[in-house]
Amino acid sequence: MKIRVQSEAFDLGAEVDAMRAGRTDIGAIASFVGLARDLNEGSGVAAMTLEHYPGMTEKALAALVDEANSRWTLLDVSVIHRVGRLLPGDPIVLVAVASSHRGEAFAACEFIMDFLKTRAPFWKKEETPQGERWVEARTSDDAAAERWR
Amino acid sequence: MKLHLLYFARLRERFGLAEETLEFDGITVADLVAYLQARGGVWAEELDGSRSYRVAVNQDIVAFDVALPDHAEVAIFPPVTGG
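Top line first, the protein sequences correspond to chains H and P.
Under this note's numbering, the residue at position 52 of the first sequence is numbered 52, and the numbers go up by one with no gaps.
Just remember that this note's numbering sits 149 ahead of the position in the second sequence, which is counted from 1.
In short, the hints are calculated from the structure, not lab data.
It is possible that some hints are incorrect.
[To be verified] Within a straight-line C-alpha distance of at most 35 Å, the following computed DSBU-like cross-link-like pairs (lysine-lysine) qualify:
| hint | chain 1 | residue 1 | chain 2 | residue 2 |
| --- | --- | --- | --- | --- |
| 1 | H | 59 | H | 125 |
| 2 | P | 151 | H | 125 |
| 3 | P | 151 | H | 59 |
| 4 | H | 59 | H | 2 |
| 5 | H | 2 | H | 125 |
[Claimed, not checked] Far from chain P, some chain H residues (derived; all Cβ distances over 10 Å):
| hint | residue |
| --- | --- |
| 6 | 2 |
| 7 | 6 |
| 8 | 13 |
| 9 | 21 |
| 10 | 22 |
| 11 | 29 |
| 12 | 34 |
| 13 | 37 |
| 14 | 50 |
| 15 | 56 |
| 16 | 81 |
| 17 | 92 |
| 18 | 106 |
| 19 | 136 |
| 20 | 148 |
In this text, a Cβ means the ideal position worked out from N, Cα and C, and glycines have one as well.
Just need the whole structure built from these sequences, with the hints factored in.
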């Protein structure tokens, strides 16, 4: 398991290669990369800054991965989330899940993202032509997490 | 009891404060929130329930009826928006 909170960019290919290096038991790796967009709620977004709660963030992400491990048989999980100032097109978050078969990898990857959106203490502030604004939580994200109950 | 309070994101900006240490004689999270609301101004505006927020005690999000342990780290923040 790998959990990292960092300001630097990450490389999906390198993370997937690291996950499968030296092992032949993995049959499937499902991954998700979230990107910073240039438009949100009808306004252009020139940049965003991600703030987090050091200490709780790592703990919350580890708890999500533990929960995924208790629901599915997984061989490895990586979660990387960036903080600091990001520009449109920049990668924000990576989740990669390795398992024997695709079904568990797909499901666990989506589960981790859905719960990361509602439980991990990160906050986005956007720079728009109207000034800076904090992104408001979406009820659709709560609904996405709720369907796993 | 002694509490270490942390504020994040919009709340940190509105309160003009990232952290503080507090000598507090209440019992629950709800007592603490009522105490902070009583400061008035932005404290009342942000914590009176008209806007959503979460409270974490020792880095776990908790319900308002939870009792605060002595020397707890208590964080108050808006609903999260990462990912």
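Okay, the hints, checked on the actual structure:
1. H:59 to H:125: Given pair residue 59 of chain H, residue 125 of chain H holds - Cα atoms ~23 Å apart, limit 35 Å.
2. P:151 to H:125: The given pair, whose Cα atoms are some 32 Å apart, holds under the 35 Å limit.
3. P:151 to H:59: holds (23 Å)
4. H:59 to H:2: Holds, because 12 Å separates the two Cα atoms, which is no more than 35 Å.
5. H:2 to H:125: Within the cut-off at roughly 26 Å; holds.
6. 2: Consistent with the label, residue 2 of chain H stays out of reach of chain P, its closest Cβ about 17 Å off (over 10 Å).
7. 6: Non-interface label stands for residue 6 of chain H: nearest chain P Cβ at 13 Å, farther than 10 Å.
8. 13: About 21 Å separates residue 13 of chain H from the closest Cβ of chain P, which puts it past 10 Å; holds.
9. 21: About 27 Å separates residue 21 of chain H from the closest Cβ of chain P, which puts it past 10 Å; holds.
10. 22: holds (30 Å)
11. 29: holds (20 Å)
12. 34: violated (6 Å)
13. 37: Non-interface label on residue 37 of chain H holds, nearest chain P Cβ at 12 Å vs cutoff 10 Å.
14. 50: violated (7 Å)
15. 56: Check fails; 4 Å does not lie beyond 10 Å.
16. 81: violated (6 Å)
17. 92: Nearest chain P Cβ is 7 Å from residue 92 of chain H, so the label is violated.
18. 106: Given that every Cβ of chain P is farther than 10 Å from that of residue 106 of chain H, nearest at about 17 Å, it holds.
19. 136: violated (7 Å)
20. 148: holds (15 Å)
Violated hints for the displayed structure, listed by number in ascending order: 12, 14, 15, 16, 17, 19.
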